[in-house]
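Student: Listed here are the chains, written in short residue letters.
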Amino acid sequence: MSKPAISSDPAVSSEVSTFASAAFARNPAWVQLLGLCPLLAVSNNVVNALGLSLASAFVLLGSNCTIAVIRSWIPSYARLPCFVLIIATFTTCTVLLLQAFAFDLYLRITLFVQIIVTNCMIVGRIEAYASKQPLPKAFLDAAGTACGFAIALLALGAIRELIGHGTLFAGMELLFGPTALSWQLTINPNEQGLLIATLPPGAFIIAGLLLGFGNALLKMRAPVPTSREPS
Amino acid sequence: MTDLALILIGSLLVNNFVLAQFLGLCPFMGVTRDYETALAMGFATAFVLTLSASLSHLAYHGLLVPLGLTYLNIIVFIVIIASAVQLTELFLRSVSPLLHTALGIYLPLITTNCAVLGVALTSLAQSLSFLETVVFSIGAALGFTLVLVLFAAMRERLDGAGVPASFRGAPITLVSAGIMSLAFMGFSGFAD
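Order-wise, the sequence lines are chains Z and U. Letter 126 of the first sequence, counting from 1, is numbered 126 in the numbering used here, and no numbers are missing. Remember, the numbering used here sits 231 above the position in the second sequence when you count from 1.
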């Protein structure tokens, strides 16, 4: 995992730069260290990580766009309660949608879908951006933030699943139906894997190592930031 | 009585909310720079956490279940938490202005502390009784404070340690939190 630096190319249109800076330069997880709780908790394999990424993206897009549309009617003294209520509404919708369409996956990540509402990443983007910008810009910013969060979550999920179980994409049928049963890649079929990677201490240690190596890479200004796996 | 003691130890040490369940990491990373603020933040959160988990339990069983509105639990709980934070602030301001100035800036942050909502939702998911919920949330709150204070003490040592430049700050904090989490795994088996 690395933190690609954004080149300040003047030819890049403002839409792309809004999106890219939200996703990479201001990556919510690795750069701003927001939303660490779900990042560490549900990154024990790829399917959990993907499920929570999609759920967070839905809440982020829904609440940012709603607030960008109604921002002129929200009185500034009561804005935080308004934001929180709108986020809570979208979170409830996500919970109901997941219960309806991906119940088995929902059972695995229940608590962390429910507490999307207190994810400081979402309130932060709304307070800093969506409550001041028109709808298209707020949409792009939310999409970029959601992508950045998903990249961080999936990278950590893939590394932990690989080290902990020696597989990748196990259990994707929980999200994509029976066709996804064949997607599982078994990289290391013989061994049990290092169990610690999937346990809570592994989450902290691997995330810390990734962050440290990412910093080191940025410092060296490597031309192609390659992903580094801690061993 | 044994049940309650087991619930207390379970939520305090075995399933510690910060190190085993990854809840409340923002204040854990943010305010553990020094010992006094960690202690103050820990106690403010502990108070709000216990209050809001108990109130959420009452609201869920007294209001949402009879009305058939249980799917609204997240919205109702977050409103209760925000009100509990406001009440705590008003209460502190009138009773102990000194403590209020000390805790002032941390109080609003508690609303977005996922441990507070997490405890309310977890005690609901485990279908605990009212008394059990109170004990569970006291355990969770004490566990949160304990980890915050332990970690603040450790970070004061880390500041003086020879950490590689790229690992200064957040990376080394996460790695040492992992090692502390490893130590807390030693409690597993005491209670569940």
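I should point out that these hints are in silico values taken from the structure, not numbers from a laboratory. Keep in mind that a hint or two might mislead.
[Claimed, not checked] DEER-style ranges, computed between Cβ atoms: (1) Z:Pro75 - U:Tyr302: 54 to 64 Å; (2) U:Arg324 - Z:Cys93: 19 to 29 Å; (3) U:Gly391 - Z:Pro75: 13 to 23 Å; (4) U:Gly400 - Z:Phe103: 48 to 58 Å; (5) U:Thr301 - Z:Ala78: 21 to 31 Å; (6) Z:Leu195 - U:Thr301: 33 to 43 Å.
Even for Gly, the Cβ is constructed at its ideal location relative to N, Cα and C.
Student: Please go over all the hints and tell whether each is borne out by the structure.
Tutor: Now the hints, each set against the structure:
no. : hint                            : verdict
1   : Z:Pro75 - U:Tyr302: 54 to 64 Å  : 29 Å, violated
2   : U:Arg324 - Z:Cys93: 19 to 29 Å  : 37 Å, violated
3   : U:Gly391 - Z:Pro75: 13 to 23 Å  : 48 Å, violated
4   : U:Gly400 - Z:Phe103: 48 to 58 Å : 41 Å, violated
5   : U:Thr301 - Z:Ala78: 21 to 31 Å  : 27 Å, holds
6   : Z:Leu195 - U:Thr301: 33 to 43 Å : 37 Å, holds
Figure legend: structure checked against the earlier numbered hints; hints not met, in rising order: 1, 2, 3, 4.
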